[in-house]
Amino acid sequence: MAALLEIEGLTRRFGGLTAIDRLDLAVEQGELVSVIGPNGAGKTTLFNLITGHDQPDAGRIMLGDKSIAGLKPERVAALGLARTFQHGRVFGNLSVLDNVLIGAHTRLKVARRGLPILGPLVELGLALLQPRFVEAQERALRREVQEILGLFGERLLPRIDEPAYGLSYANRRRVEIARALALGPKLLLLDEPTAGMNPTETAEMLVLIRQLKAEGLTILLIEHKLDMVMQLSDRVVVMDDGRKIAEGPPDRVRQDPAVIEAYLGHRSVGGDTAAPVAALS
Amino acid sequence: MISFPSADAWLDYTINGLIVGNIYGLLAIGLALIFGVSHLINFAHGSVYTVGAYIGWAAITYLGTPLPVTMLLVVLGCGLLGIAIERIGLRPLQGSARIAPLLATIGISFVLDQIVQLVFSPDPRGLATDLPDWRIQIGSGTIGPLDLLIAAIGIGSAALLFGFLRFTKLGWAVRATAQDRDAAKQMGIDVDAVNRTVFAIAAALGGLSGLLVGLYYNHIDPGMSFQATLKGVVAQVIGGMGNVPGAIVGSLLLGLTESYGVALFGTSYRNLFAFLLLIIVLVLRPNGLFASRRQAPPEPMTGTFIAPSRPIALPRWLVPGLTLAAIVLPLLVDAPYLLQTLTNAWLYAMLALSLTLVAGTVGQISLGHAGLLAIGAYASALLALRLDLPVGLSIPLAGIVTAALGTLLIWPAFRLRGHYVSIATLGIGEIVALVILNWESLTRGPIGLSGIPPLELPHLPLESTTATYWSALAVLVVLGLLQSRLLKSHLGRTWRAVRDDDIAARAYGVSPDRYKGLAFAVGGFSAGIAGAITAHLYSYINHETFTSQVSILALTMVILGGLGNLVGAVLGAVLLVGLPELFRVTVEFRVLIYGVALLLLIRFRPQGLLGTV
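Protein chains in written order, with our numbering: chain A, 1 to 281; chain B, 1001 to 1613.
Do not rely on the hints blindly, as some may be mistaken.
As the list claims (entries may be wrong) - Heads up, simulated DMTMM-like pairs for lysine to aspartate or glutamate below, C-alpha to C-alpha not over 25 Å straight-line:
hint, chain 1, residue 1, chain 2, residue 2
1, A, Lys66, A, Glu8
2, A, Lys225, A, Asp256
3, B, Lys1488, A, Glu147
4, A, Lys66, A, Glu6
5, A, Lys225, A, Glu215
6, B, Lys1488, A, Glu162
7, A, Lys109, B, Asp1180
8, A, Lys225, A, Glu31
9, B, Lys1488, A, Glu144
10, A, Lys72, B, Asp1513
11, A, Lys186, A, Asp241
12, A, Lys186, A, Glu6
13, A, Lys66, A, Asp54
14, B, Lys1488, A, Glu135
15, A, Lys186, A, Glu247
16, B, Lys1488, A, Glu31
17, A, Lys225, A, Asp241
18, B, Lys1169, B, Asp1190
19, A, Lys186, A, Asp24
20, B, Lys1488, A, Asp161
21, A, Lys66, A, Glu31
22, B, Lys1169, B, Asp1180
23, A, Lys66, A, Glu28
24, A, Lys186, A, Glu138
Keep in mind the hints are simulated off the structure, nothing from the lab. Quantities reported herein were computed from a predicted structural model and do not represent experimental measurements.
Pulled out of the complex, with its shape left as it was, chain B reads as follows (with noise of 0.2 Å):
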């Protein structure tokens, strides 16, 4: 499988390194400088990148522009895009819990990709560039015209910001509002002008990385974006958060990385090595490599993170009322569309009582919970195929095999907080689409799992859509029982201590690894669950079936009924999934409105429709 390139290959392997190192770094200045100044990690940053790429592409297209004129209308574009950004998703939620703006800035990137996407179609294009044509011999590689003004892009942007950083007197109050906020405003400086500037530069930068990758690359499509998020917070977090100098050298370090990666293993591993390299970075070092040691850890933040609320008492008589009403409606009604939309409901319910435990209860926001899906399914439509184990047998082991991988994946995380734990998630879902990706044995790669048998019980089949609607209810109504149980029993008072502050919590005897290890045992199972009857309903599994937009989904489900909100969870799920179906909205439309919701829940009612437990 590994192949020793030669010599004179490495070479070429380690300009191409250096020079995606240098598109990243373009991606990671801008997030260090708005992590420096507003502490955020801005999930958004990819879309802006994604948007440059795209007014790019248009003013070549429609407009014939020559590059300088076409660079600079990105920057200009882009600048005034990252200024809306600040304005509408940011400014408005100073003062609010910590979680606020970086759930907004995701919400921000599902609208522009989405936008983006309506306007130029989900195909790919090409991005051609109108440089000459020649190429400078070294060694056995060659340079072209664009490697180089890609290297002049990038050390000429860094010396800008430093000049700007060190002799502008704006460039002052950026430092200055970096280092201590308050103070800055103490003493006059108009934060919220520096928060604009920062994000006017990095949002500039970022979107002259997107054009020049799709020139690069010659190919621009609109599902880009999130790769470039992880790409620049994974070079950022390597080099330390908000170090603007440590951002480049990360990046380089990241391209260089992913370079003699592909060289050694092939270019299917080249985003596996960026992720590896993440946790790794993340466990070993979470200030980053060039941080010195004893240092107080990144984000004390403890007990500030969820928004104090209570959760709305319901009526003792509506859940069950509502549960023994949904289980009677298949023979009210014969509505076949309504009973698979709301079958897809109830295992989106099962994803959000994992999610709502996780990241409610506990306070660990998890934004990779699509690889629990995945492992889940994998896990039994790979029982049910290669050791024909019965698919009633199959479904709770794959529950107990997501339980037991999950935890163990997440547990290198669980000393991390806060938005690193997002980030951690992040990258270990990304992990595990990419090992189903490239363990071919296992899983048949690219190609998926076909002929997945169908949901049954012994000498009971359940392919029928009411029987599916029920097996699914069912299930949904065991896991929310026993979840409901344990948040009675010692173990919930327990997780939310964890949650509102882990270092009380270990003063009194409380080990936080150890609740956490549970509660995600908890959500694993409940999420393989969910994962493995989707996979037997569909009978075809990829490593794209569970995309990180499932991950937000449920998130945006959490959050909607109220986090740690059980009720809370399964009527996010049923909006969400319910009434997009309603509305007969196209899918495009849909994840516009995923959003656009998400946005306006965490402006106006960040306890979400029931209240946060």
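Here chain A stands alone, though its shape is the one from the complex (with noise of 0.2 Å):
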């Protein structure tokens, strides 16, 4: 099967730092790979790269068989890739239901790109004149953005109109992924759904995610909470200095002294492997 992701030989260097030293990395289509690693290993550098907010200076991002490396943010959002930020992005004066919805925007079909002046212009005439397909499709995403919220169970509905600024950080994630979802992507990028989070909200997100993955969805996630990444991923990349050290499946890197070497520093330090596994998970 061809690879819905394709990676090779990403590159991206600020100044004297190789952020990212020749990646390689693939993801199959309804996979779930997680990318692991220490503070400053390149992981969120990555998905800067691969979502257009950052230029690589070498190397190859395939998105199918289209190449989205250097393509601004919203043309590869465009072709149906969604992610959620670090440290939480959500329009702090938006509502939730708000939010959501300009998660739907590549789908929408008064935005249309078309040409140059003349797109923007039609967008204009068609938000003014509000005819019935606009309007058909405006109700139809807000019927869909309840049910997205419907998966973070009461945490979200009963808000859905208030102000982001107004949620509590946990909820501000949920409203993250949640408009991430709206998207409808094929391929969804996690930064750290779960920082911040208290271990109950964090087994919630677990749930949510499994669920996502269980409806065939490719996930691409960063997470530090390595318990969580050994139950959810097929398959797991391990990132030090910006480049892979490891990869496979959780089992299997879990064993890996490369990486055990990477997050507690020299293994004749640690003793022996038993110990700084038990650690890590």
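Two chains, two frames, some hints: make the complex.
Laid out in structure tokens, this is it:
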């Protein structure tokens, strides 16, 4: 089977520092791949490069048969790639509903790209006239947002019309995931979705991600909570200093000496391998 | 049109450019210091410069002080003023939205300028020097003692400042605060004291610069502050915001560019060159000429520019009810003065609708909105005068022309964020005015356009006070309804998403350029129509009909009503146009009141009367 996302020789340098160094990575359709590694390993830079928020110095990024390296983020999104942000970036003054509706922006018939100048003018005209097909899609999307928010139980639905700035930290992360789902993504990139969540909330998130995976969604996940990574992932990629130092099924990666060294320093310091691995999980 | 001066004259222009550059340098250093420690563009800086010039004038005229004493008095007076600005205008705003201190400095500059005007009268004054009257011949040009003094003060203050920053403890504290404010605070640096010091130094240098300019041209007037702020900011942008040596080099470059521009094209082109240079640098190298290439974007401050708030829910009947009351008003009362005032308010309300969309809904704080009025006014007037188009056609066409031209002009600035947008729009607004002044074959330059036909529809003259009132109200209601419909569509949330966090918006397929463009087009249309109607009401316009004060007044209205709030924009316009009329306030005091209103609003009700949307 051809990979949905295929990265080859990806490199990004910041001045003298090589944040990503000739990285190869492939994600198959329906797979959940986790990227782990110590802070500063280059995980978020990798996400920024895939989603067009940063430009690579070298390398190839293919989504299906389309090269997306160097595309603008809005073009990458239009190709079906949705992401969440490490520190959470909701639109503070927008209601929960509007936040999630922005997620569906690429699907709006009224906002088709069109020709330069002409495309935006058509969009303006349609927004003013509100013809039936625009109105119908807007109504359908609002229903869909209700369904997506339903995935989070009673966490978000009662707050659907509240502005996002008033939400708790965990709820903002949930809004971000709901927004990403509204895009109807081919590939979902989650950057530490459980950062700052307590154990109960983390467990809820684990159930949700598992459910999304079961529905066939392809997911690339950055996560520090290794317990969660081990339970969810089909494959784990370990990064350190911008390079991939290990890759494989969770069971094998957790035994890998290079991984243990990256996380806990040199092996001779940590004694035998069993103890650090226990610490990892 | 272009005349090439002789080689000797070039030397003169070069010397003149360097001296003017030196003066700009004194302004720009202060701005750079302030930006360094507080990440703020101090729009009150030019006012301090004016105050400095007037302190000097008062000392020389009333006390007969010799130059060194005059300079000392200016430095002391302006230093204290700087401390006061920091204490009153900025310290209370720590922790509020990023836009707040910027708006506060605008308010302070209004207040200072107006006080200077009230105290010293708006008439220009001469500022004679008691320096000896000898000149050194260099080629065909000459250098006098004043030129040397300016050069010496420029170089001397730069050297002093360098020594202060490098070798004194307080200087270290300033540099530490500039690098990382929070870390400096953690290390026990009194950040407030650093701010105070920086404002005092900056203001002292700015005041000195004002005095020197007054002496150099033997001319001072209260209106000189705005240009000074602009020049200082331009010089600083060229050198890189917050970069002190960069500010000096940028100032000299600016001085030379202007001087050579004047040499080639004539005096009225001086400022045009300055602002074109500003826009070019902003677009090509927003970090300044001396920034290293790959740097983080200058102001990563998404999501914090506008304070979170919710609009106040108005009863459903209120707005239609008030509109109805406004429609029947002329039938109930016979008060032409009231109707004229309200007509003026409706026109300002159209401008405020435009600005509340651009600045409030999309978060692009425009300081050059009067430029859009001017484009609309000239477009409609020229269409009616030159092509004999009926007024009923020329006004909507002017709206479309303004939408297109305004969006095109601001397009290069779309990649900028936050304060940089404000600088760019300010510059673009000035460029519009200067193009109108200099494109004489089209606009008749400083003479202006006269005999613009009055408002009328086919077979329906609208000249009477009542008819004008109704026309303006009708247009306002239509524009308001259109904008409200757009805000309810997907565009409303998309615009606000771009404002709140453009990076997240892009990640979801929203192209910020496209939606900023649409907002400026819609806003340009409203503003253009407002300008066009104004032109037909006044029957005479020139390049000074729509000044930058109008832009700031519109911004005050928008903030008063609540950023992005349609009803608030109209309310703000009615209040700020209506109240001064109600109390019969004279023009000078009116501007003072606008400044104080802006300051009080930012301090005590930043979300405006009806709340940010």
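Against the structure, the hints:
no. : hint                       : in the structure
1   : Lys66(A) with Glu8(A)      : holds, 14 Å
2   : Lys225(A) with Asp256(A)   : holds, 18 Å
3   : Lys1488(B) with Glu147(A)  : holds, 22 Å
4   : Lys66(A) with Glu6(A)      : holds, 10 Å
5   : Lys225(A) with Glu215(A)   : holds, 23 Å
6   : Lys1488(B) with Glu162(A)  : holds, 17 Å
7   : Lys109(A) with Asp1180(B)  : violated, 46 Å
8   : Lys225(A) with Glu31(A)    : holds, 19 Å
9   : Lys1488(B) with Glu144(A)  : holds, 19 Å
10  : Lys72(A) with Asp1513(B)   : holds, 12 Å
11  : Lys186(A) with Asp241(A)   : violated, 29 Å
12  : Lys186(A) with Glu6(A)     : holds, 14 Å
13  : Lys66(A) with Asp54(A)     : holds, 18 Å
14  : Lys1488(B) with Glu135(A)  : holds, 12 Å
15  : Lys186(A) with Glu247(A)   : holds, 23 Å
16  : Lys1488(B) with Glu31(A)   : violated, 39 Å
17  : Lys225(A) with Asp241(A)   : holds, 20 Å
18  : Lys1169(B) with Asp1190(B) : holds, 12 Å
19  : Lys186(A) with Asp24(A)    : holds, 20 Å
20  : Lys1488(B) with Asp161(A)  : holds, 14 Å
21  : Lys66(A) with Glu31(A)     : holds, 19 Å
22  : Lys1169(B) with Asp1180(B) : holds, 16 Å
23  : Lys66(A) with Glu28(A)     : holds, 15 Å
24  : Lys186(A) with Glu138(A)   : holds, 22 Å
In terms of the numbered hints stated before, the structure departs from hints 7, 11 and 16, listed from lowest to highest.
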